[in-house]
Every structure is written in structure tokens, then in C-alpha cells.
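> Chains L and S supply the protein sequences, listed in that same order. According to my numbering, the first sequence is numbered sequentially starting from 1. According to my numbering, the second sequence is numbered sequentially starting from 1001.
For the record, the hints were derived by calculation from the structure and aren't laboratory data. Predicted model, so just to flag it, every value in this text is computed and none were measured. Take these hints with a grain of salt, some might be off.
As the list claims (entries may be wrong) - Derived list of chain S stretches under chain L, where covered just means 3 residues or more per stretch with a C-beta under 8 Å from a C-beta of chain L: (1) 1046–1052; (2) 1060–1069; (3) 1102–1110.
By construction, the Cβ of each residue, glycine as well, lies at the ideal position given by its N, Cα and C atoms.
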Amino acid sequence: NAGVTQTPKFQVLKTGQSMTLQCAQDMNHEYMSWYRQDPGMGLRLIHYSVGAGITDQGEVPNGYNVSRSTTEDFPLRLLSAAPSQTSVYFCASSGLAGGADTQYFGPGTRLTVL
Amino acid sequence: AQSVAQPEDQVNVAEGNPLTVKCTYSVSGNPYLFWYVQYPNRGLQFLLKYITGDNLVKGSYGFEAEFNKSQTSFHLKKPSALVSDSALYFCAVIPGGGSYIPTFGRGTSLIVHP
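All chains, full assembly: derive it from the sequences and hints.
Here it is as C-alpha cells:
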């Protein structure tokens, strides 16, 4: 199993550009989520999904869109990049299992917005 | 709403000495508690979790954690630290009762000195 994969590993954008961060998992997990990690802020939840066709907002959703057309994929779209979105982005997945399941994280995407 | 506190941004310990990384939480009901570790430029990896049963939980790499309901704590411990244990450690809580969205602490940087 590849687990959770993310592409790209690094990305530099100019203010106003758009892009999509890809996330895929091969564990047939129902729950997928996106976090951003900033120094001193820990992990903050952006969006999450409990299955194909179902998404919801997390703590910091503004400026980001998601969709979940398949169980495996959960892309994160930046509509118009801003310097405040410079961060490291992690995708995670887990089986729902009533909440007791372990989160599996991807390796991250380091995004810089100039 | 649930919350997790990791009161120390950084913990320093000499190799061979015992280590403790602290975590306290605030949730209603019976929580599920997790510890994750992040090595530089990597995603988070699962260490251990408490779901129910014995309050002392043993996990990967010789780590253990004790669930203390009266003190609402879940401190991570290891009897003898290794330089390779140096990393960022995150505590996470899920409230239970059907909830599945974890809340993460801000992380504690563990530095083990040779």
C-alpha cells in the first residue's frame, strides 16, 4: 500500500494564481481531511469529508475549496492564492470506526505564495 | 468544544534520561486520545492511542502514555531517551460518542542531547 500520497511536494505561486493540491489514499478510508501547519499554530483543519460527495468546513476554510468525487481522492483547491496561505499542507485519512481510528498523514506539500 | 493543551513548546532531555511530554485536554464524555510524532520534513506518524481499558498505553519506539481521567491528562513518557527521539510531538483528542474529528495540540519539540 502506498498509504496517503500528496503532490506536489513543493510549489511556489504568485499572488492571485490558483492551483490544486492533490491527495490520494489506497486504504479505502471514509474520512479524509486537509490541515495546514504553521509555526506555533499546530495543525489547523481546513476541510474534511466523510465519504464521496460529502464535504464540510473545518476551522480555517476561507480561500480553499474541496470536492470528493471518489473514495480515494480529495483535492484541495486554492482559488486565488494569497501570501497568508504560505504554509505546509497535510492530507490525512482514517476509517471512521466511531472516531477511534488512527489518522494516516501524507508527506505534505510546502507552498510559498509570493 | 474540545481543546488540547501542550503546555511546553520545547522539552530538553539528556540521552539516557527519562522523558515526559505533557498533554491535557478538555472534552465532555469519554475521549479517545492519541499521540503522533513528526520528524523534520515528514508527515505525522501515529505513536499510540487510548480508547478504553488499561490507563497505561504502550506504543511504538518504547513510548507509553498514561490516561488520567481525574486530571484530564495524557502525558507521553519514555524511560530512556534516544537522540533519534528528537522530533515534534502532537497530542490529539476525539470526544467520542460518534465524533470523528480530532483536535490537535500545538505540538512540543523534543530535543534529546547526546
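> So, for every hint listed, does it hold in this structure?
Hints, one by one, checked against the model:
1. 1046–1052: holds (count 3)
2. 1060–1069: violated (count 0)
3. 1102–1110: holds (count 5)
Violated hints amount to a single one, hint 2; each of the other numbered hints is respected by the structure.
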